[in-house]
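Take the sequence shown: its position 21, counted from the start at 1, is 21 in UniProt numbering, and no numbers get skipped.
Just to be clear, a hint being listed does not mean it is correct.
Cross-link-like lysine to aspartate or glutamate pairs, in silico, EDC-like; alpha carbons within 20 Å at most [to be verified]:
#	residue 1	residue 2
1	K71	E85
2	K139	E58
3	K75	E99
4	K139	E54
5	K75	D6
6	K49	E99
7	K75	E125
8	K71	E99
9	K139	E65
10	K75	E85
11	K71	D6
12	K71	D119
13	K75	E128
14	K71	E128
Here are the simulated distance ranges between beta carbons [what the hints assert, rightly or not]:
#	residue 1	residue 2	range
15	G98	S22	45 to 55 Å
16	G122	A27	22 to 32 Å
17	E85	E43	18 to 28 Å
18	E125	R41	41 to 51 Å
19	R26	S97	25 to 35 Å
20	A40	K71	37 to 47 Å
21	T138	S115	13 to 23 Å
22	R18	A91	15 to 25 Å
23	S52	I87	11 to 21 Å
The hints are simulated quantities; they were obtained by calculation from the structure and are not laboratory data.
We put the beta carbon where it would ideally sit given N, CA and C, even for glycine.
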Amino acid sequence: MINSQDQRLITLLRQNARTSISDLARALHLSRSTVQNRIARLEASGIIKGYSLELGGEYNANQVEAHVSIKVHQKLTARTNTALEQIPNVAQLYAVSGEYDLLAIVQAQSLEALSLVLDEIGNLEGVERTNSAVVLETKFRR
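Between the sequences and the hints, there should be enough to build the whole structure, so can you do that?
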């Protein structure tokens, strides 16, 4: 289990995973060694499993994103998941309940590139049908 200090630490790391140990310690009113130990414990327990890159600026502003609902032939689910994982434009893949089986978050540099990726997904073995919603504006992201 994590306590309130761990939760505050996680919140700070979500805001900026590159924040120095010293700055984290100051914000949490803890010693540097305590913060280092907490991070090590959170990593060792699998609560923190890694750190990632968040794109910004002009690159991010030019990205086009779509949420793609995917209906899969049940006997081909594992093969379809593996194929989707090989498409670099598929940023995230979720198993969901309802009419569709999967929800893919797809990112591309243009609408034309997005269209090609959507065609590639629709042509995968095991994909029965898809339904796409292009993101017009991101209100916030955590």
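Outcome of the hint check:
Taken as a hint, the K71 and E85 pair is honoured in the structure, with Cα atoms around 16 Å apart against an allowance of 20 Å. For the suggested pair K139 and E58, the alpha carbons sit about 17 Å apart, so the restraint of at most 20 Å is met. Between K75 and E99 the alpha-carbon distance is near 17 Å, which keeps this suggested pair within the 20 Å criterion. Of the supplied pair hints, the one linking K139 and E54 holds, its CA atoms being roughly 16 Å apart against a limit of 20 Å.
The hinted pair formed by K75 and D6 fails the criterion: a straight-line CA distance of about 42 Å is larger than 20 Å. About 32 Å separates the Cα atoms of K49 and E99, which puts this hinted pair outside 20 Å; it is violated. A threshold of 20 Å between alpha carbons decides the hint, and for K75 with E125 the separation of about 11 Å falls inside it, so the pair holds. As the CA atoms of K71 and E99 are separated by approximately 7 Å, the hinted pair is consistent with the 20 Å bound.
Distance hint between K139 and E65 is fulfilled; the C-alpha atoms sit about 13 Å from each other, no more than 20 Å. With a CA separation close to 18 Å, the supplied pair K75 and E85 stays within the 20 Å bound. For the given pair, K71 sits about 39 Å from D6 by alpha-carbon distance, which is inconsistent with the 20 Å threshold. A distance of roughly 14 Å separates the Cα atoms of K71 and D119; the hinted pair therefore holds under the 20 Å criterion.
Distance restraint check for K75 and E128: the Cα-Cα separation of roughly 12 Å lies within the 20 Å cut-off, and the hinted pair is therefore satisfied. For a cut-off of 20 Å, the pair hint linking K71 to E128 stands: about 5 Å separates their Cα positions. Our hint of 45 to 55 Å for G98 and S22 holds, since their Cβ atoms are close to 47 Å apart. Distance hint check for G122 and A27: the Cβ-Cβ separation is about 47 Å, which falls outside the suggested range of 22 to 32 Å.
Taken as a hint, the range 18 to 28 Å holds for the pair E85 and E43, whose Cβ atoms sit roughly 24 Å apart. At roughly 44 Å, the beta-carbon separation of E125 and R41 lies within the given 41 to 51 Å, and the hint holds. Between R26 and S97 the beta carbons are some 44 Å apart, a value that contradicts the proposed interval 25 to 35 Å. At about 43 Å, the CB distance of A40 to K71 agrees with the hint of 37 to 47 Å.
For the pair T138 and S115, the supplied restraint of 13 to 23 Å holds, since their beta-carbon distance comes to about 20 Å. Roughly 21 Å separates the CB atoms of R18 and A91, a value that falls within the hinted 15 to 25 Å. At about 19 Å, the CB distance of S52 to I87 agrees with the hint of 11 to 21 Å.
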